[in-house]
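Top line first, the protein sequences correspond to chains A and B.
With this note's numbering as the guide, the letters of the first sequence map in order to residues 8 to 132.
With this note's numbering as the guide, the letters of the second sequence map in order to residues 2 to 889.
Derived Cβ-Cβ restraints for the label pairs, each shown as a range:
| hint | chain 1 | residue 1 | chain 2 | residue 2 | range |
| --- | --- | --- | --- | --- | --- |
| 1 | A | Asp91 | B | Asp457 | 20 to 30 Å |
| 2 | A | Ala113 | B | Glu411 | 49 to 59 Å |
| 3 | B | Ile324 | A | Asp91 | 49 to 59 Å |
| 4 | A | Gln78 | B | Arg227 | 12 to 22 Å |
| 5 | A | Ile20 | B | Phe268 | 33 to 43 Å |
| 6 | B | Pro613 | A | Ala113 | 48 to 58 Å |
| 7 | B | Arg353 | A | Gln78 | 18 to 28 Å |
| 8 | B | Ile238 | A | Ile13 | 36 to 46 Å |
Under the rule of at most 30 Å between Cα atoms (straight-line distance), these lysine-lysine pairs were calculated in the BS3-like manner:
| hint | chain 1 | residue 1 | chain 2 | residue 2 |
| --- | --- | --- | --- | --- |
| 9 | B | Lys443 | B | Lys402 |
| 10 | A | Lys128 | B | Lys294 |
| 11 | B | Lys363 | A | Lys94 |
| 12 | A | Lys97 | B | Lys371 |
| 13 | A | Lys55 | B | Lys363 |
| 14 | B | Lys623 | B | Lys580 |
| 15 | B | Lys371 | B | Lys456 |
| 16 | B | Lys453 | A | Lys97 |
| 17 | B | Lys465 | A | Lys128 |
| 18 | B | Lys465 | A | Lys97 |
| 19 | A | Lys97 | B | Lys363 |
| 20 | A | Lys97 | B | Lys294 |
| 21 | B | Lys766 | B | Lys708 |
| 22 | B | Lys224 | A | Lys94 |
| 23 | B | Lys371 | B | Lys194 |
No lab work stands behind these hints, which were simulated from the structure alone.
Note that the structure is predicted; figures quoted are calculated from it, not measured.
All residues carry an ideal CB built from backbone N, CA and C; glycine is no exception.
Now for the letters of each chain:
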Amino acid sequence: MTPIQIIVTLGGIALSVFIAWFFWLAPKGQTRVSAGVSGVQEVAITVKGGYTPDIIVVKAGQPLRMRFTRQESASCSETVLFPDFNKSAKLPEGEEVLVEFTPAKAGEYGFQCQMGMLRGKLIVE
Amino acid sequence: MAKDPVCGMEIDPQSAFASREHMGNVYYFCSENCVNQFDQDPHPFVMQNPEKADFAGSATTGFNSDLRLSQVEMPVIGLKKDGQPGAELIKKALENQSGVEKVVINPTEGIAVIQFEPKVTGLMDLVNVIKKSGYQVGGAQKRIGIECIHCASCVQFIENDLATIPGVLSASVNIGTQEATIDYLPEQTSLPKLNSAIESWGYKTRVASSDQPADQQEAAHNKEYRSLMNKFWLATIISIPVLLTAYPQFIPIIRDWSMETLRATWFGAAILTIPVLIYSGGHFFTGAWAALKHRSANMNTLIALGTGAAWLYSTVAITIPGIFPEGTSEPFYDVVAVVIALVVLGQALEIRAKGRTSEAIKKLMGLQAKTARVIRNGQELDIPVEEVLVADVIQVRPGEKIPVDGVILEGSSAVDESMLTGESLPVSKKTGDEVIGATLNKTGAFKFRATKVGKDTALAQIVKMVQDAQNSKAPIARLADTISGYFVPVVMILAVITFVIWFDFGPAPQLVYGLVTAVSVLIIACPCALGLATPMSLMVGIGKGAENGILIRSGEALQTAQAIKTVVLDKTGTITKGKPELTDLLVADQSPVTGEELLKLAAAVESVSEHPLAEAIVEGAKSKGLSLSKPEAFEAIPGHGVIATVDGRQVALGNLKMMKRLNVDLGDLESKSDTLANDGKTPMFCAVDNQAAGIIAVADTVKEDSKEAIVVLHKMGIEVVMITGDNRRTAEAIARQVGVDRVLAEVLPEDKAHNVHLLQAEGKKVAMVGDGINDAPALAQADVGLAIGTGTDVAIEASDITLIKGSLKGVVTAIEVSRATMRNIKQNLVGAFVYNVLGVPIAMGVLFPFFGVLLSPLLAGAAMAFSSVTVVSNANRLRSFHPKFSAK
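This is chain B alone, in the form it adopts within the complex (with noise of 0.2 Å):
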């Protein structure tokens, strides 16, 4: 039997009504229609059928349709960690599948190739075999927006027409979100046919809104600050004849009116503030009537009440002038006019500054490269950053910036990361290396495997992250929250006092006074000054941080930080590389061999050990530019050393027992070595044909600013203690090169965390610095936490504060960070609070009875403007932070 490829209906080839032959298939068809729809366009009926798939030459996967097999590269997430044992792992389980052929898995790209045979076994059973053996299949993932799509019908329909693309391994649609996401193999299938199956159901595909970028805020923040200077003009301009009518004896010419031309005036002054009220105001009403709905009450509502009832009373005082008593029947349509043009100013010119606080991030986004050169199927392409996949190969020439996250395939180069990391030397970068986006490639070109791309690209993940932590609370805006939180229906009840209190002991005319005053109470009093205090100062603070390579997680880490009293600090790869290094080169008096020689030698023998110490050494010949030869009849003697013959020699490497298993003389050197082990260094014998040749020493290094950074802690008047699982005798070593006042050697991983709790229980704020993978429970019982990460591992998330860079420098300025951040939101906070306990009292006339100074609504309409621009522009103030190790 055979399937009718349009139709799907299983027909008999010798009844069949035509047959076609296609790419090398032949097909069968069952009526003159299916045969007609087969001829104007067989593509796509090919591409349905996964048996016959065509997957469009692609150059990675091998896949060639006259094979009976087909062969697939699935990227799998998590296996370049685990290395050999989690391959083995996967590989077992493929190969127990029916229809799997060959399995091919390449830990260090973190792949799987697969062969199989399609009729047997699927894309989905292989994935999920994946799964079972627990592992992830990696894969691209790419939102697709779909405009307008409202049928819930619809989603089943193009979530199953995806899913039956080959490549795609899920497929879901939000009708909320209208976006499609999909998991697919890059090398199986493209964006378009994505597209064109969203498209083949009648809807228009867009880029998925929520990988737009995000000047879609800032589009935003202008169009609404020109909507606000619009206001302000309208209500400028008409406040000008107003505040004219409103004083006529200042004003030359207006002050010789008559009465009755002066009252035709106000009424004009009623019909003009008017639009005011509308168009320049109509938010504060809108606002006040959309929280009173909500029995809240705002800034809105403060404005609102205040020139509402400026204007009530004017229009009412000038209507019908007999219900007030003499000399009260004056309008104050200046107030109206006057207070919401500068309400409106401060508004706009708070939303300018409030821009600015966001410039950290603004630069951070701006670093993505917007193109990228693609290689596929063996051509270049320059593509729109967006539509890079994962697996792609990626072009990069000298000067160019890296487009996304990968691995070096071909070719080395310098690599200026300093935008994300804060290292201001190119970092060298040779195949195997991983490089991260929107770092600037220098010196020379290469080609890369894109290994993340999109949201997950380190980048983006910085950015989320600096996003998430500008938006958190610090427990210090608790207070601010709560006094907010009652503060407006307060003012509103000292307007109505204040009122009661002018209009029963006031001077006449007590109800101008009254009515005044109370104005002037509801206008001057500004919630917002209390409420934007720290966010924006946050938001300041926490953008400087990533701006120097210092990652913030929340407002709480920041408060804490700038309390820190005591820096407990990991030893291995916080205060030290991490990474033995060939320290010593001490060759013996009666050596047969120069030093050079030696290392040579010694080298050569190492370079077949996998050892770390080993590879210190080769590391260090290579470094001094030796060549090294093959070393023969290698040989690793358990607990003893290592021992080779090299250029027709034989070489000898180990410890003390080694020497003496092979008879050697050691002389002095025995005790050279024990200086060189109190130092903290590894020392080892070295022996050529059986004669004591020297000592070669390695040891874990100090990274080259931890001393500088120390002495900057102790500055601050911050104790720093070491931690380590090492003995002693390195511990201390080390200890006295970088000058820690506290040493705590000998303790195991699991014990850190409780010798952190120790130091607690001394009644002072902790900090705990560490490399972020063993020491996670000691991060997170700390004060703060902070992660050492180097370039890409920003995920660490036990930390509070992540330094990108892997310096102690970064802790330096992270305190630093915190403490001016928590300066310049202390300065808002009193400054909101004082302006609010000063002006509100004032407004109500305190002052009266002793100065008999009282205060215009119109300047209480100034001050409650500048006052939150104050507060804004205070907080700008940190953008001039900057650090004691500037980072550029």
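Excised from the complex, chain A in its bound form (with noise of 0.2 Å):
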């Protein structure tokens, strides 16, 4: 192996091993929605390209209200799921639409958009 070769081999492996930790390793953000006044936990969530924030923190039993608001035209983010409270929501451009429920146990779920290739987690203690 020449010298080029024996670096392009451990840069290849170095930028793997970045890949799979930048996307899957790393600890991500996460946003905590504190309830209001009336009680209501709310959080405002722009869709472009991702789910902004994409990682929330909610309490269990209060009832929850996300304003969603999506920022672009690509077809894909059109409608948010969330599969697991049966709950979808379409978003047309630029309108703030809201998805209200209550999660009543704690746990970790999903958001998507409907292929999935947007996604968010709903975190509930």
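From the two separate chains plus the hints, produce the assembled complex.
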């Protein structure tokens, strides 16, 4: 093996490890939602290439109101699904859409677009 | 003391600045300013005063401002179901309220008519009283959109203002949705009044967005399609010259160009592909970046990486060729332009195909009538269907669509309900019958009272339910979901490994081979096909079910339904009509009367009885065109039967005990009666003037198509079990008629669920079919609960599948739809898996050592673009699915 080949090989291994770390292992930022005066936990979520914030921590047993605003036209993200809660909502571009329910049990619940390209997580404590 | 209607100040009429008479009332004013304001337009000031409220001459309320009393008609939810006992409860509660003069409750219409003294009590108090007795006041609910409302303090003002309008029960304004939600009594106020209350605060009102027609989504799709096609055309046009210079050896004239000229054209290609990257492929890069910020990766990431790497490498190769080994400094801009063109085209075609998957929903929504002919104040008005209010009286002529749900007040007709129930024969409707919005009035004209409008109509609820189900998840999708969660980073790692292997072990020029294969890997992998596989088929399958009158609540229900091995059928109302009918008429040998006379006399006696069996006899006589006389000296003897005098003859109807009591000699009638009872019928002896006349038998008869449906279920390899609380004799008689495999008779309602559980313990997937009301626990216990609804009963909560048409054929169709959809989903999933599992290694070059074949990135792009289109198209194939029992 030439030195260049060795460098490329090591570089490739390093890059693979980095990819695995970056997408799977590194801790992700969480957004904690607290209830307002009315007792409703409210969070605004922007939909553009992903959900911002995408990891949302809420309390169980308190009503949750999520305000989704989709800021892109790609048809992928036009529906947001909460399969565990049997909830879904169409998100017309640029319009705020409310998704409301009360998470009863603690646990981690995913939410996503119709084909699972965009994903988020709802952590109920 | 009097109250100034303008400023609200309490003043002494003696010392008032001025006074005016308006609509029979005298008003006093404190100042010139107030009286001037009143003179300009007295109406609003009078309106704000609830004591002198002018309800604009409502024809239905009978309000008359000369009277001290006000009268209001309030629709009460749930009253209809509870009937008289509920009415008593509300009446008592209202009468105890001070200020209430008179209460009339009409439980069949579900309406409370209250006369009250407005000075003592108010609408809100009355509503609260009704609430306390356990009922909700119906009224109408309307959402009104408010444009550009951002100030939170205005909300309070508008809400208060709305609440002071007479007839408004509650009002709330939501800044988030920019909508006001108002509950009100439509007889007391009108939409324009509500609108003007909002507009008086300087805001513009509009149709609430949540009420907006759903073609909004279609419009968005069309816009997106056009935008993608524009991107595609730009990329395609630029691809042509780029391709020509990329493969000079194949093109006649370019072949002869010198290396220097070619290099110059490469710079041209570099510049030409920039707009492709920015305009046509820009959304891949922005999407990839947005995903990257979330530490996630998707299809955009792959395309952006693939085309981005190709462009960067090419640009470096032509600007500083020296840093690369001999022969490797060639660009491949063609990959950039062609791949972007192909993938964008794929996305555009996908949107088109996706639009077709929701066709069923569009068809359903298209059923809605656009206008309604409402009678208000004795005048017929053609108004948009959105403005129809609960309790409006609507005129429908032959050939017109019924605009909303309601109850017929006057007239009769035949109504074609096939669009909602799949029932092909027109249903006859008379006064008091329910009509469903969006169905077609065929023969007669009638007037009906609207009971449900807007989002509450059966059609709107069906649409909502189908939409929710279409967006739900089938368990089978879970694996695909998990995989696609890891898919993209894995493909990226594979691309890196591919590059390294080609670089280390591949033939020269290694760098070019490494890069081409790595780019191919990135481009060929298609997470979209995996992600689309299940939702697209679900969309079409559940829509297909809805077209056939089957509402499937979720993807999970659909998936379980295909595996059903045992179907448990409730007898009453499911296999049978659930309503007794006259079946047999036997005339005794020595009968003093003929068969027709016998029926006529018996029916006349029963016409005053309210027993369901009696009703069956009366209906039977009427359907034979017999006119009934009035019975005299009617007497019901509990446990025996009834007796009365009709046309001067004494007629007795009852069981054996009754006949013995009257000392009637029955002859061979007794044994004939036993035979009838063995067939599951209820025989009744009839004696005229103490002589045995004959037997009239009634029975809950089997629905016409039950047998046919059960035969098909057997053919599908499904065991059919009947469950009933009835005695074994009746149950087995019915079972023989329709041919079920097993009979579970004499099962108490609370044990039905347990019996379903026992069947499940045999290791079979069990479906329970029932009418959804008393079968709720069994429906919930079963793997799939199918509720048989009739027309409007879509809100059957315990069921997984609702059959709108009350026929067992729906069970067959439901299972067929489920099997066809699941087959389609599996094809899609297998196709998407196989595509990726084969495509990625081929792109990596596993075939190269053996056959010397390498996949061009251009082909990879084409494969990727069309793999997802294929998935959607395959889902669309389901649209041509036809059930065995065609609905139309």
